[in-house]
Each structure stands twice: as structure tokens, then as C-alpha cells.
Amino acid sequence: MRDATVLYVEDNEYNRKIVRQLLMRTSYRLREAVDGEAALGMVREERPDLILMDVQLPKMSGLDVTRALRGDPATADVPIIVVTSFALSGDEQRAMAAGASAYIAKPYSPRDLLALIHTFLAER
Amino acid sequence: MRRFTRASAARNEASGRDGLSRGVSFLLTRTPLGSLVGWVARVPASVHTKLLAAFLVITALFIAMAAVSLDTIARTAQQSRKMHEAHERVEWSQQIDHALARQMHFTALALLLRDEASVARILRENNRFNGTLARREVVGTEEERDLIQQIRGRQDGVMNAVADIANAIRDGKLDEARAELLGRQERAYEEIEALVARLVEVENRYMLDLKQAVETANFRSIVLTACFAGAAIALALLCGFVISWSCLLPLRKAQEFLGAVSAGDFTATITVPNRDEFGAQAARLNRMSGELGRLMDEQQRAAASLRALNTSLERASRAKSEFLANMSHELRTPMNAILGFTEMLRDGLYGDVPDELKEPLADIHTNGRHLLGLINDVLDLSKIEAGRMDLTLQEYAVQDVVDSVRVSLRSLALERGLEFATKVPPELPIAYGDAKRITQCLMNLAGNALKFTRQGRVEIAVELQGDELIYRVADTGIGISRDELGKVFDEFRQADAAVTREFGGTGLGLSITKRFIEMHGGRIWVESEPGEGSTFWFAVPLRVEVAA
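Chain order of the listed sequences is A and B. The opening position of the first sequence corresponds to residue 695 in the numbering used here, with each subsequent residue numbered one higher. The opening position of the second sequence corresponds to residue 5 in the numbering used here, with each subsequent residue numbered one higher.
If you're looking for bench data, these hints aren't it; they were derived computationally from the structure. All residues carry an ideal CB built from backbone N, CA and C; glycine is no exception. Please note that the accuracy of each hint is not assured.
Take a look, some chain B residues computed to stay more than 10 Å from chain A by CB distance [stated by the list, open to error]:
#1 Gln98
#2 Leu115
#3 Glu148
#4 Arg224
#5 Ala235
#6 Gly344
#7 Leu376
Quick list of simulated restraints, FRET-style, between CB atoms [what the hints assert, rightly or not]:
#8 Ala791(A) / Leu310(B): 31 to 39 Å
#9 Leu375(B) / Arg764(A): 33 to 41 Å
#10 Gln787(A) / Ile388(B): 14 to 22 Å
#11 Arg547(B) / Ala791(A): 19 to 27 Å
#12 Arg547(B) / Met790(A): 17 to 25 Å
#13 Arg547(B) / Arg723(A): 33 to 41 Å
Full structure from sequences and hints, please.
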């Protein structure tokens, strides 16, 4: 069985670095996208096993990307963890309505995030 | 094309006259009545005065008519009396004739019977004749009196003849007497008869004149009465028409005007020639529409400026919401990095941490979390102020809420050496509300209690009273003075500056808590004794009603 692939969609370099360093010690392979459109391209190119999706992204919001992926039969069943910024109430509901498998609020504890990733990929 | 124009012109005229009947319209536009109506309208007197004047004129006409009638009746009575007298005179004249005939009869009888007694009868008839003649003379005209004098003269002659006849009968001279009778007396009698006939003729002529005079007077009286009645009726109709139309025209105009105003045309004006109540009313109506127009303009201007203000406020509110969302994201992103890297350092992800770095790393983490708390409070309050804070209502277990607060604050209580207890009855039903916000409120209150208590205990207890959940957070802390008790829920309020220095905090927690409780339709209150401790309560409906 090949190593699981995680796609992290996030425009902030430091946050990408956290996840990069967090996953360095695991067997998971990390791919990174800096905006919504790039994320869509990468998913079509190679289907990941899990997507971490920030909500506020340049060009195309994380929720729009999530909806687009759910609308495509090829990617409809990829687990997506939406990272909310908790800006307005109802962010979580909106994330779940867009098709998120789970959500985690920023700022997240790297420990908790890793635990959540493990949960999804262990089910694989 | 021409026909259409004419038809529309006629329609315009008809609508301009506002449904006046064709007859009235004709009278008002094509006859002098129209200008008369205008003239009456312009008379500077009240309608009451005008009506009174018209009524008085008509009444005067009727009084004059009555006077003429009375005069006529009096005259007629007089004429009929005269007629009666004339008839009487004719009758008397006939009696004279009659007495004369009887005289002749008795004279003839005396001659025939040669009887002196008959002479006495002649004398009696003569007396009656003289009496009637005297009565007739008193009421007669000059001409008649003249005739009567002549009759009396002849009668004297007759009486002389009678005397001679009487003497002749006594003396037995019958042939002589007969001659006398046939000669003198017969002739005298014929003359008297002729005179009486003339008398009757005079009277008849008089009666004829009288009859003609009565007929003339009657005709004159009928004509006069008819004239007065006709004039009175015509005047009444004229006054009625003119005065009523001098009132009705402005009334119709006022109706038209009010129709336009009630349809929203406040530029409508009314022009009437009247200088009476209707003139005053028209002036007031014009003032009214002017005032309404002015108010309308003002109102429209105000509405326009309110619309503009509303639009700009909506824009501002949208901008504020966007700003808040962006701000939240922008602040959380670096916070995520700071807290994330610190946690990974402390977790030994980058290798073992030297002992001397453990404390500063813990300090960075504590302060980072504190800063995050402040950011959350400020953003929450801003969202509430902007009206962008909505509750996320769902079913929750009170026990879970209390447990999550206990777990989060357990280490703080331990650190401060305080007893920290929670008490939730096991039989509580499932609640409905925003569990996250209720947790946040309870966290604020319990966090404060732990912060402001140096020794003793902090307790969280929940109970159900009716359909209200009562949350209670009690501590044995420094307490709040009576003066400050009323202000603890105000924004940026802490009991005093020294407290802020010792215990930290922004002073936003309680005011945010109060707002959230109120958004749930609940209430919050506090009791405190300085030096003894404080107890905060908040009550929220077990099942929050969904706001419409």
C-alpha cells in the first residue's frame, strides 16, 4: 500500500510550514497549493487521500473549491477537512453544507490537527 | 379628425362643468343669469344676509298683493251696497206707481159708487204716495229730486182734482165730476206715470254704469293680483336660482378641488368670485393645499435623504462586516503560526528542549493564548455591535457544556490552589440553544471567579426552574463594591485600575456574556459582598425560541 497523500490548501507560508514540519515525521506525503484554482488543478492531476482546506483563499474560496470537488464524481468521496477562521457565526455550518467531512477552527493546535488527520487516514 | 377634435372639446367642456345638467349649463353660460350669479357671488355679504334680503323682497311683494286684494274686496262691497240701494230706489219708484194706480182706482170707485167713503181711501193712498215720495227724495240724485219735485207738483194738482170730484159727488154733480176725472185727473196721472218712468230709467242707467264699473274694477283687480303673484313667483325662482348657484358653484369647485387633493395633487388651487363664506372657505382651502404641498415636499426631501442615509449605512455596515471577517482571518493566521510553532517546539518536534528554554516557551504559549482571547473578545463585541452576531441554535446537553468548562479551567484552578466544583443534576432534559456561546459565557464567569479568588473555592451549579435553566457561578473572592455592582456588565469596565493590574483582562468578558445571554432571551445578575465573594447567575430558556 502506497503512502497516503495529503493536500494542504493555504496561502500563508508559515501555516504551510507548520503542517509541512508536522507531517515530516509521519509517512504521509504532503502536497501544497496556495490558492483555490491551483488546488483544483492539483486534485485533477493526482487524487489525494485527504485535503486540508483553508476557507479564505485567493482567486477561489475554500468553500467553492469544496463544492466543486463534491460536484465531480471523480473527487466526490475525498475527505476534506475545512479550516475555518471563525470570522462569522455559522462558518462551521457553511463548511459542512459545502460538503466538508470535518472542520477545525484556526488557530488550531498542531497536536489536535495531526490527531484528526490520523483519524481520517486510518479509516482508509 | 375634425369630428374627433370637436367630440373631445365637448367632452372637456362637459367635464369642466363637472356634470352640470345641460339646462343649468345653458342658463349659466348663455343667459345674463350667469353674470347675475357672478354678481351675487361678488356681493360682500354673508349668504345668510343674501337669503334674508331675497326673502324680505318676496314677502313685500306678497304683502302688496294682499293689500290690493283687500282694497278690491272693499270696493266690491261698496258697489254691491250701491246696487242694493239702486234696487231699493227702483222698488220705491214702482210703489209710487202702484200708489198712483190705487188712487186712480179709488177715485174711479168713488165716482162709480158715489160714495164718500172711497174718498177717504184716496186720501190714505195719497198719504202713502207722499211718504214713499219723501223717502225716495232723500236718497235720490239731483236729477231725481228735480223729477220728484215735478211729480209732487202734479200730485198736488191731482189732489185738487180729487177734492173737486169729492165736492162734486157730495153736491150730486156727477157729470161734472166725471168730466173733471177724465180731464184733469187723467192727464195729471199720465204725466206722473211718465215722470216715474223717467225716474226708473235714470236709476236703470245708474245701475248699468255701476255694473260696468264693478266689472272694470274686478278685471283690474284680477290683472293686478295675477301680476303680483307672477312677479313674486318669478322673483322667488330667480332669487332661488341665483343665490343657490352662487353657493353651489363654489361648492362644486371645492368638491373638485378636494377630489384632486385627496388624490394627492397638492398643487391644486381653487378660484371663486365669492366674497362671502365660500370666498373665505376657498382661501382657507388654498392655504391648506399649499401647506399640504409644503409638508409633502418636506416629507419627500426627508424620505430621500433617509433613503440616501440608509443606503450609505447599509454600505457601511457591509463594509464593517467584511472588515471584521478579514480582520478575524488576518489576525488568526499569524496567531495560528505563533501558537503552532510554540506548541511544536514544546512537544519536542524539533528535538529535545533545553530545560532553561521550557519556561520562556510556556510563557510565549500562555501569552499567545491570552492575546487570542483578547482578539476573540474584541471581534465578538464588534460583531455584536455591527448586528452580525447570530446564534447557532442546536440541541445540547448541559452536562457537556459544564464539563468542557471544567476541563478547560481545571489546570488554572490547580495552579491557583483553589477548590473547583461543578454540580449538574443528572435528570436535566436536553436543552436547545447556542452551546458554544453558553460555554463561552460560563467560561468567562468561571474564569473571572478563578482569577479574582485568592483562596477558597469556585463552584458552577445548574438547576432547572420551570422552563428556565439557571446557571450559577459562586466564588469566595475579593467581591465587588456596592458602587461598582451596577456597572460590572458595561463595556471596558473593571472594578478599578488596581484590579486590572493585578488580575489582567480587558473588561469585555462580562459585557459579551450579558449580550449573549440576552440574545438567548435570558437575563444575568450578580450578588456580591466585598471580601466575602461574588455569585453570578444567568437564566436562559431551556429551549430557546427561534427568532422570527
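We went through each hint and held it up to the structure:
Distance check on Gln98(B): its Cβ is at least 139 Å (rounded) from any Cβ of chain A, clearing the 10 Å threshold; non-interface status holds. Separation of Leu115(B) from chain A is adequate, the least Cβ-Cβ distance of about 164 Å exceeding the 10 Å criterion. Remark: the non-interface label on Glu148(B) is consistent with the geometry, its nearest Cβ contact in chain A lying 138 Å away (cut-off 10 Å). Listed as outside the interface, Arg224(B) is consistent with that label: its C-beta sits roughly 110 Å from the nearest C-beta of chain A, beyond the 10 Å cut-off.
Listed as outside the interface, Ala235(B) is consistent with that label: its C-beta sits roughly 95 Å from the nearest C-beta of chain A, beyond the 10 Å cut-off. Not every Cβ of chain A is farther than 10 Å from the Cβ of Gly344(B); the closest lies at roughly 4 Å, contradicting the non-interface assignment. With a least CB separation of 6 Å from chain A, Leu376(B) falls inside the 10 Å interface cut-off, contrary to its annotation. Distance hint for Ala791(A) and Leu310(B): a CB-CB separation of about 37 Å, consistent with the stated range 31 to 39 Å.
For the pair Leu375(B) and Arg764(A), the supplied restraint of 33 to 41 Å holds, since their beta-carbon distance comes to about 36 Å. Taking 14 to 22 Å as the suggested C-beta distance range, the pair Gln787(A) and Ile388(B) conforms, at roughly 19 Å. A beta carbon spacing of about 24 Å between Arg547(B) and Ala791(A) agrees with the range 19 to 27 Å that was offered as a hint. For Arg547(B) and Met790(A), the hinted distance range of 17 to 25 Å is satisfied, since their beta carbons lie about 23 Å from each other.
The hinted window of 33 to 41 Å between Arg547(B) and Arg723(A) is violated, with their beta carbons roughly 48 Å apart.
Hint check: violations occur at hints 6, 7, 13; the rest are consistent with the structure.
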